[in-house]
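**Q** Sequence:
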Amino acid sequence: MGGPSATKPADVQNVLARAGDKRIVLHVGCGMPNPKKLHKTFQTPDWHEVRFDIDKDVHPDILGDMTDMSVLPDNSVDAIFSSHNLEHLFAHQVAGALSEFNRVLKDGGFLLITMPDIETVAGYVARGQLEEELYRSPAGPISPLDILYGFGRAIANGNHFMAHKTGFTAKSLGGKMRASGFTNITVSREGYDLWAIGYSYPFDHPDRVEKVIVRQQKPDDKGNLPPVPNTAPQPHPGALAPNVATDELDIPPVHWEPLHLTTK
24 MGGPSATKPA DVQNVLARAG DKRIVLHVGC GMPNPKKLHK TFQTPDWHEV RFDIDKDVHP
84 DILGDMTDMS VLPDNSVDAI FSSHNLEHLF AHQVAGALSE FNRVLKDGGF LLITMPDIET
144 VAGYVARGQL EEELYRSPAG PISPLDILYG FGRAIANGNH FMAHKTGFTA KSLGGKMRAS
204 GFTNITVSRE GYDLWAIGYS YPFDHPDRVE KVIVRQQKPD DKGNLPPVPN TAPQPHPGAL
264 APNVATDELD IPPVHWEPLH LTTK
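So the sequence shown is numbered by the numbering used here: it starts at 24 and just counts up by one.
These aren't lab readings, by the way, just hints derived from the structure by calculation.
Note that the structure is predicted; figures quoted are calculated from it, not measured.
Be aware that a few hints might be false.
What the hints assert, rightly or not - Listed next, with one range per pair, are the computed distances between beta-carbon atoms:
#	residue 1	residue 2	range
1	D78	N37	43 to 49 Å
2	N180	G131	38 to 44 Å
3	P32	V232	32 to 38 Å
4	D227	N182	23 to 29 Å
5	H228	P68	26 to 32 Å
6	R41	G119	25 to 31 Å
7	D91	A186	18 to 24 Å
Stated by the list, open to error - Taking lysine-lysine and the BS3-like style, the derived pairs with C-alpha atoms no more than 30 Å apart in a straight line are:
#	residue 1	residue 2
8	K79	K199
9	K45	K31
10	K234	K79
11	K31	K129
All residues carry an ideal CB built from backbone N, CA and C; glycine is no exception.
Work the whole structure out from these sequences, hints included.
**A** What follows is the structure in structure tokens.
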């Protein structure tokens with residue numbers, strides 16, 4: 024909840040006014056200030072970043088909880104960028120957060136979001152690779168256990184905001200976004216991550232499309248879709264490429280190699 028410590032609405036209006044004529048991107052779960060954390064779509068002069076976080080120690084422009092963004096007016100931002108945040112909510116809170124994202128977006132605004140691809144990571148777990156290093160991040164080695172439950176080293180050091188409480192597949196993420204009012208949704212599977220783009224259009228808007236498109240490759244830089252990064256970690260050599268579908272949530276499961284397990 025927003026709570027008494029959340030930024031006051033009057034202060035929020037002042038924060039939004041700083042954008043002037045620029046388009047506003049609300050950076051949800053921004054962490055410590057660092058312009059490079061923003062997706063390259065928003066690293067141009069016509070965008071103004073407004074930082075939003077639940078952790079007061081990162082000094083956000085707006086202090087609040089993404090499940091209750093009531094300090095922000097309806098239709099107040101042009102885009103939302105959220106990198107590895109939804110998995111920190113409990114499963115029952117996800118719909119509320121996505122609905123809040125949709126509420127604060129202007130008509131035609133979009134959400135660009137990324138999180139772990141649990142379907143891919145589950146394949147490593149099924150092969151007994153729960154604690155094996157998948158890739159090396161700036162913070163240290165990352166294992167399937169870290170991807171599933173949160174970066175263990177940070178949690179052990181007391182940063183409990185890093186704990187993961189839910190997870191997503193391409194199908195579940197697309198379905199939850201659509202149920203929360205987003206349209207023209209594209210979900211991409213890249214490396215160990217999901218990337219999704221969804222738009223906020225009124226019901227009678229001519230560009231509104233209800234389909235959820237799932238892609239193995241990232242969206243390109245053409246058309247109205249913002250690009251997704253080309254720096255995602257590559258799958259472990261033992262991984263199988265996920266199957267791909269391009270229809271309304273018609274997404275087949277990944278068929279992992281059999282483990283030939285036996286029961287006694």
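**Q** Each of the hints needs a verdict: does it hold here or not?
**A** Do the hints match the structure? See the list:
Between D78 and N37 the beta carbon distance is about 21 Å. The supplied range of 43 to 49 Å is therefore violated. Between N180 and G131 the beta carbon distance is about 42 Å. The supplied range of 38 to 44 Å therefore holds. One distance hint, 32 to 38 Å for the beta-carbon pair P32 and V232, holds here, with the actual separation near 34 Å. Distance hint check: the CB atoms of D227 and N182 are about 45 Å apart, inconsistent with the given range 23 to 29 Å.
Between H228 and P68 the Cβ separation comes to about 28 Å, which falls inside the hinted range of 26 to 32 Å. The given range of 25 to 31 Å is respected by R41 and G119, whose C-beta atoms sit roughly 28 Å from each other. Separated by about 20 Å at the C-beta atoms, D91 and A186 satisfy the suggested range of 18 to 24 Å. A hinted pair counts as satisfied when its Cα atoms are at most 30 Å apart, and K79 with K199 qualifies at roughly 29 Å.
Of the supplied pair hints, the one linking K45 and K31 holds, its CA atoms being roughly 23 Å apart against a limit of 30 Å. Of the supplied pair hints, the one linking K234 and K79 is violated, its CA atoms being roughly 38 Å apart against a limit of 30 Å. Annotation: proposed proximity of K31 to K129 holds, straight-line Cα distance about 21 Å (limit 30 Å).
Hint violations for this structure: numbers 1, 4 and 10, all remaining hints satisfied.
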